[in-house]
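Undergrad: Listed here are the chains, written in short residue letters.
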Amino acid sequence: MTLGFNILVATALAYVAFLFFVAFVAERRAADGQSRWLRSPYIYTLSLSVYCTAWTFYGAVGYAARSGLEYVTIYLGPTIVIIGWWWVLRKLVRIGRAQRVTSIADLISSRFGKSNTLGVLVTLLAVIGTTPYIALQLQSVTLSFAAFASVGDGTAEVDLNSTALWVAAGLALFTIVFGTRNLDANERHHGVVMAIAVEAVVKLFALVAVGIFVVWGVAGGISETVAAIDQSKIAAWQVPTSKWIGLTFLSAAAFLCLPRMFQVLVVENADEAHVSTASWAFPLYLLLISLFVVPIAAIGLSIMPAGSNPDLFVLTIPLSQGQNSLAVLSFLGGFSSATSMVIVAAIALSTMVSNHIVMPIWLSSQGSSAVVSGDVRYVLIIARRVSIGAVLLLGYLYYRLSGGGSALAAIGLISFTGVVQVLPALMGGVFWRGATRVGAISGLVVGFAVWAYTLFLPSFGASAGFGPDLMANGLLGWSWLRPQALMSISGLDPVIHALLWSMILNTVAFIVGSISSFPTPTERLQGAQFVNVFDHSTRAGGFTGGAPEAEDLLVMSQRILGGRDAQNFFHAAARKQGKDGYLPEITPDFLFSLERQLGGSVGAATAHAMIGQIVGGNAVSVHDLMAVADETAQMMEYSSRLEAQSVELTRTASQLRDANEKLTALSVQKDAFLSQISHELRTPMTSIRAFSEILRETDLSTDEKEKYTGIIHAEAQRLTRLLDDLLDLGVLENGKVNLNVQSANLENVLDHALSAAGADRDVLIIKRNRTKEDFPFVTDIDRLSQVIINIVSNTVKYCDADRPELRIAVHHMGQSVSIDFIDNGTGIPKTQQDVIFEKFSRLSDHKSAGSAGLGLAICREIMLKLGGTIRYLPGQGGAAFRLVLPIEHALVAQ
Amino acid sequence: MDDDPKLPPVFLERASYRRRRLRDAARLWPVFGVILILFPLLWGQSGENARTTSGALAYIFGVWGVLICGALILARVLARPEKEERDQ
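Residue numbers (the working numbering), protein chains in the order written: chain A, 1 to 894; chain B, 895 to 982.
Hints listed in this document are in silico derivations from the structure and should not be mistaken for laboratory results.
Note that the coordinates shown come from a computational prediction; the quantities given were computed from them, not determined experimentally.
One thing to keep in mind: the hints can contain errors.
[As the list claims (entries may be wrong)] Chain B side only, calculated, beta carbon under 10 Å to chain A, not exhaustive: (1) R917; (2) A920; (3) W923; (4) V928; (5) L935; (6) T946; (7) I962.
[Stated by the list, open to error] Derived DEER-like restraints, expressed as beta-carbon distance ranges: (8) B/F926 - A/V555: 42 to 48 Å; (9) B/R970 - A/V201: 22 to 28 Å; (10) A/Y378 - B/L922: 41 to 47 Å; (11) B/R921 - A/R400: 27 to 33 Å; (12) A/A31 - B/A973: 35 to 41 Å; (13) A/L13 - B/S910: 55 to 61 Å; (14) A/V201 - B/A973: 46 to 52 Å; (15) B/L922 - A/P305: 36 to 42 Å.
Glycine is no exception: its CB is placed at the ideal position from the N, C-alpha and C atoms.
Required output: the full structure, derived from the provided sequences and hints.
TA: If you want it as structure tokens, here you go:
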């Protein structure tokens with residue numbers, strides 16, 4: 001019937017020794033490289049069971065005995081989260097691996113620009129939120145000891161406090177031995193994980209065994225059990241809506257935010273694929289663990305004496321039925337639940353405390369020399385071990401001071417609510433690039449304050465200053481500040497009330513803070529890294545500038561990573577760069593990977609600061625990065641400018657080629673012109689010379705002399721005219737002509753020009769419309785007359801009609817006037833129409849009397865100078881020229 | 895002529911397409927779970943819709959089992975190696 005207390009202690013000690021052995025063997029096998037089965041997804045799933053603590057093992061039954069089915073919300077929340085692994089967990093695990101995250105504080109700090117302020121905040125929050133929970137585990141173990149003692153022979157008086165102390169000390173020892181073996185917190189703690197997996201099996205087995213015993217051994221079958229449930233005080237389904245939703249949300253959030261859960265979910269994760277197995281296996285575990293809770297509670301309520309603690313039904317029912325060995329198994333299950341939680345929580349918290357509180361203080365107190373010369377590794381290990389001890393001591397002190405609360409579950413929910421204050425910063429940091437450090441800090445501070453005011457401090461009652469007066473009337477007598485009825489909304493369960501307000505205000509502060517602040521460049525880089533982790537699981541901002549000695553870095557790394565690991569790392573890096581030996585080039589790449597490696601041991605912020613001290617103090621160089629980006633942009637601009645220049649050069653070259661071709665053509669023209677001129681000059685000169693030689697003969701008649709001097713005179717005149725024309729053309733073409741602009745009437749101009757051209761009635765019939773010609777206009781009258789005379793005299797000379805006729809038609813066209821000269825000859829053939837305005841373009845076939853072919857070329861130049869044009873007008877039945885002139889002459893030449 | 899390698903293809907082969915839809919299912923499964931879990935809130939505390947704890951127990955653990963089976967199937971199918979690994 002009875003069970004000696006000493007035997008129980010011996011059993012517990014034997015079990016602990018067994019756990020040490022398991023952990024030891026696992027570490028050995030891992031060291032030997034036989035860790036394949038240690039990395040199985042089922043081990044990972046079992047390690048997640050640290051979610052199920054003594055609160056689950058003992059407390060769930062108590063919870064069910066008090067509130068019916070409400071307890072399942074605590075397990076439905078995590079079920080939803082892990083079934084929805086594709087949303088959140090997958091991303092968290094990837095980020096954890098890519099950034100070598102060591103804790104949830106490290107993740108938050110790293111995301112928001114490696115901010116140590118945030119690291120400290122999250123660490124404090126985690127410590128404050130977890131300490132009561134550790135106290136709870138110690139309490140459950142001592143209570144279970146006491147439960148045995150009370151049904152025992154009573155010879156052994158149980159000192160609860162010393163039991164708790166011994167348990168705490170034993171847990172600290174285990175955690176220190178297996179939790180700080182390797183300093184790289186990002187590496188798997190094979191021994192710890194293995195021990196936890198074993199404990200997971202033990203507690204599940206124990207609870208299921210008790211459940212089966214209760215259903216079939218005590219109640220007598222399923223239908224009897226159902227009947228017992230229906231007759232118990234929890235028979236009716238009555239769960240308030242706010243609690244059903246609120247607690248499910250709370251447990252789902254806590255599943256992600258609890259330091260110990262983050263430790264096993266993300267930090268200890270060996271392979272992303274394990275999450276997918278856990279997505280169904282862990283819900284199955286949760287289902288099995290909560291399956292027998294209601295039956296045990298209902299049967300316990302019916303068979304146990306009134307007033308017995310329902311939190312201990314799991315233990316007391318087998319004891320009351322005389323099932324001692326089952327009771328011991330149950331005790332071991334509860335013991336396992338408590339110890340595994342405490343161990344993992346202590347590891348997680350000690351990592352946070354040492355990386356975010358102890359190391360930064362130590363670093364700043366030692367200055368930069370310490371990074372190289374001080375024994376960082378030693379300091380780090382001591383810091384971590386002391387932190388473990390401190391965390392457990394805190395838990396013990398809390399247990400002593402609180403005097404052991406009555407309902408286990410209450411503390412659990414208070415603790416959950418505190419820890420989930422990290423949720424907005426965590427989710428925002430992972431999914432929203434706009435989240436900033438300022439937002440995260442404000443959210444955390446606000447959420448923490450609301451939680452402390454509405455839930456945490458009131459749980460201490462009057463001793464914390466939250467006496468009945470404050471609870472009833474609010475702070476400073478303001479009733480809307482009543483801790484459990486903010487804004488005078490009363491009637492809610494205190495936990496749901498605190499959760500609602502803290503989450504709302506926390507999220508609002510987080511969002512407002514993020515939107516209204518501007519992130520530093522490091523934050524923006526890290527934000528992109530975290531949010532888009534699947535796009536580029538590579539790098540954060542690196543180091544540039546100052547070249548530290550590789551040796552200094554090696555010395556520092558040896559102190560953190562240990563001699564052999566650091567040397568291997570440096571050697572591998574050097575080999576990758578194609579160098580021999582242990583000192584690689586200090587490239588940003590190398591610094592980046594070294595920082596990440598060190599970050600696995602001391603956290604991202606500390607690693608960054610340490611390398612920063614060696615590299616030259618100025619860390620991430622975000623501004624350097626910007627400068628690099630600027631430089632790149634400049635180079636790109638420069639190269640594009642070069643490209644533009646080369647295009648321009650090509651264009652210039654082609655222009656030069658064109659110009660060259662033109663010049664060549666002009667030179668050819670010039671040669672042709674010169675030979676033409678010589679020819680034109682030579683012809684009259686030849687006749688003049690010939691006839692003057694004849695005149696030297698003395699025997700010439702007067703008539704003959706008269707005739708020959710006439711010829712000479714005519715030829716000399718022709719020569720003079722040719723030279724005049726050439727001079728005229730030269731002046732016009734060089735643009736050095738002075739126009740004598742004056743006002744005149746077109747009719748008068750035409751009259752004058754026609755008579756000057758010798759177009760008398762007997763030579764040429766002129767057809768004019770004098771009314772249209774009668775208008776004044778302004779131009780250089782002499783030059784215009786020259787053009788008209790040229791055209792008319794050409795008609796006189798070349799018109800081949802029997803009765804030559806010239807029609808002059810004048811048209812007004814707005815600001816200009818056109819004057820057409822149309823004769824009734826055969827006109828100019830189409831092939832020659834293009835060239836008649838060129839120099840020396842005399843129509844070859846015709847009587848070329850007295851013309852050098854310069855007339856129309858001169859006309860064209862004059863019209864150009866007058867701001868008008870002269871064109872050949874085809875299709876008029878004979879030769880036709882059209883002059884177009886502006887009525888108001890603009891001084892084109894000037 | 896050739897496609898820009900940086901741009902994901904507009905249409906996928908049958909296998910990749912199937913895989914994407916399975917990922918969609920993996921994303922939607924917890925949503926479905928939440929809806930099922932919220933269902934008991936429609937039961938009144940009293941009156942003709944009221945349920946007993948044992949009835950609610952059966953419902954919740956039934957839903958739980960369904961969710962686990964679905965997650966198991968999805969995890970198994972998604973864990974199969976694929977040729978073209980491209981996240982979304």
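Undergrad: Give a verdict on every hint.
TA: Against the structure, the hints:
no.: 1; hint: R917; in the structure: 6 Å, holds
no.: 2; hint: A920; in the structure: 4 Å, holds
no.: 3; hint: W923; in the structure: 6 Å, holds
no.: 4; hint: V928; in the structure: 6 Å, holds
no.: 5; hint: L935; in the structure: 5 Å, holds
no.: 6; hint: T946; in the structure: 6 Å, holds
no.: 7; hint: I962; in the structure: 5 Å, holds
no.: 8; hint: B/F926 - A/V555: 42 to 48 Å; in the structure: 57 Å, violated
no.: 9; hint: B/R970 - A/V201: 22 to 28 Å; in the structure: 23 Å, holds
no.: 10; hint: A/Y378 - B/L922: 41 to 47 Å; in the structure: 52 Å, violated
no.: 11; hint: B/R921 - A/R400: 27 to 33 Å; in the structure: 48 Å, violated
no.: 12; hint: A/A31 - B/A973: 35 to 41 Å; in the structure: 29 Å, violated
no.: 13; hint: A/L13 - B/S910: 55 to 61 Å; in the structure: 57 Å, holds
no.: 14; hint: A/V201 - B/A973: 46 to 52 Å; in the structure: 24 Å, violated
no.: 15; hint: B/L922 - A/P305: 36 to 42 Å; in the structure: 50 Å, violated
Hints 8, 10, 11, 12, 14 and 15 from the earlier list are contradicted by this structure; the remaining hints agree with it.
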